[in-house]
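This is what each chain is made of:
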Amino acid sequence: MSRTTARFLAGGVAVVLAVTGLSGAAAADTTATAPTGSAVVVESNAFLQSAATNGVVIVPLPNAGVSYDTTTGLSTTLPVTGGSVNLRGYYGNVTLDGSLLFVDVLTGRSVCFKQLAFSADKWRLTGVPDGSTTPVSLLKPAGIERSAQSGTTQTLTATGFTVDPTGAQFLDTQLSTTFFTGGQSVGSFSLTFNG
Amino acid sequence: MRKTAAKLLTVAALATSVATVFSGTAVADPAAGVTPAAQDIVGVGSDTTQVLLNQFSADYNATLPGTDTTTPRLYSWDATGSSPITTKTGATPIARPNGSGAGIKALVANTSATVDFARSSRAPQPTDAHGLDFVALAKDAVTWSAKSGGDAPAQLTADQLAAIYNCTTTTWNQIDPSLPANTIKPFLPQADSGTRAFFLGAIGVATPGSCVASGPEENEGTDSRLNDPDVVFPYSVAHFLGQTVGGHTTTTDAPGNLTLRNIVVNGTVLTPVTNNVIDTNFANSQFGRVVYNVVRDAEWTATDPHGQALQAIFGSSGWICTSTAAANDLASYGFLATPACGVATLT
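Residue numbers (our numbering), protein chains in the order written: chain Y, -9 to 185; chain S, 87 to 433.
It should be emphasised that the hints constitute simulated quantities derived from the structure, not laboratory data. Hints may contain errors.
Among chain Y residues calculated to face chain S with C-beta under 8 Å, some are [said to hold, decoys possible]:
#1 V32
#2 W113
#3 R136
So, partial list: chain S residues that the calculated Cβ filter (under 8 Å) puts toward chain Y [stated by the list, open to error]:
#4 L422
#5 T424
#6 A426
Here a beta-carbon is modelled for each residue, glycine too, at the ideal position from N, C-alpha and C.
The whole structure should be built from the sequences, with the hints applied where relevant.
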């Protein structure tokens, strides 16, 4: 972990982009009925600047895809790997590929969330931290939120994406920071689920 | 069977006694002498959520200082009462919409000068006009009810309910030979009722049979037609809890002699109420539903004062979805909060 931390200290946000190059293709699921789609988390430039100022970096890890736009910010694409969900009835669960590494470059502390999922029951993006089996609610859609369905394709778009209070407390405890707060604006969120 | 029926009676009696203790103040329509201002947010439609929205109106408006005459307030017109109604200052008088469907039609047929939102106890349907947002409010469930001490059993399967409303099952002993041979009397609420539409969808009946009578106001067991030992009538579980546990009743808006009954889904008996709240398993079955407030999409996404007011009240960061007072109101009126509160489904 200390070597990883050193890399972040040296590279800062640039490391985030470097990780993009490590991203592989989504794990292929050859079953005909497997759901497809993706969740896209957009971290706004305002959030990125605020996080960087406080020494916090969020690193998407494979098989997440990353892109950057100077206007909208950093987009992390998490491929859908499974689950069953009704976005208009607000129940079910979507499992997502990739993981998210949260690092405080000032202290070197980090926490990595795997088994990412969007829980329609909780209406939260959740992840299981290393060393645990219990999902933590991390982020909540906010702003103008819309769900829709066309054929077998369901979509959710949210103009806002905020830190869940439980997630904020967990992250601050793990990273020994006071950066995260419940309701903190991160950016926006969208989810497409085919299946 | 008898034991279950006895338990139902006990629960009903207990609920009644609790309701007596916690009897609340009934509110309906904007208060006498109050005409909502042109900029206020005014709604019509569903019977199921009308009392909840009336309470929201009182509590939300109480958060605004009396000296503040510009911030839009929230008002809601009941499904029944005198008609026509002039919903706000400068509005065109309209026939009072009775039910979700009627409220949605009124929303479509008018502008924000008359109607800003429609209460809906059903989800969007393919026949709904385009450009509407069904904004999630809370979770409810619908079960069937029957007269306490009548001929109906404690539970029916979804298929048995479908057979009753298709009129292929017409007597109780066709369901169970030990039951009386008396003719079942299936009723449905008024035509534009969201509860009616949802219930028929849940049991898979597109068009009810000729033995089915329509007309009683939804969630009102006080209708004399329902005071019959052989009646079957769909009922909002939340509204029932609001009446019996929350004590929110009027002379007509009350369960009368009706009690809620169980439904068997995939071989499992689902009980609509556990510990005086909607049972989670029941809410997560095909008989669970989301209730909504419906707005025009162009206004919902607008950044003008009207759009901001809609978001401030109904949005995921708005008063209904975030305030403690609204959460308490939801519980008092029997509804389950949903984390998806404020999420819109676009038609």
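**Message:** Which constraints among the numbered hints does this structure fail? Numbers only, ascending.
**Reply:** Failing hints, ascending: 1 and 4.
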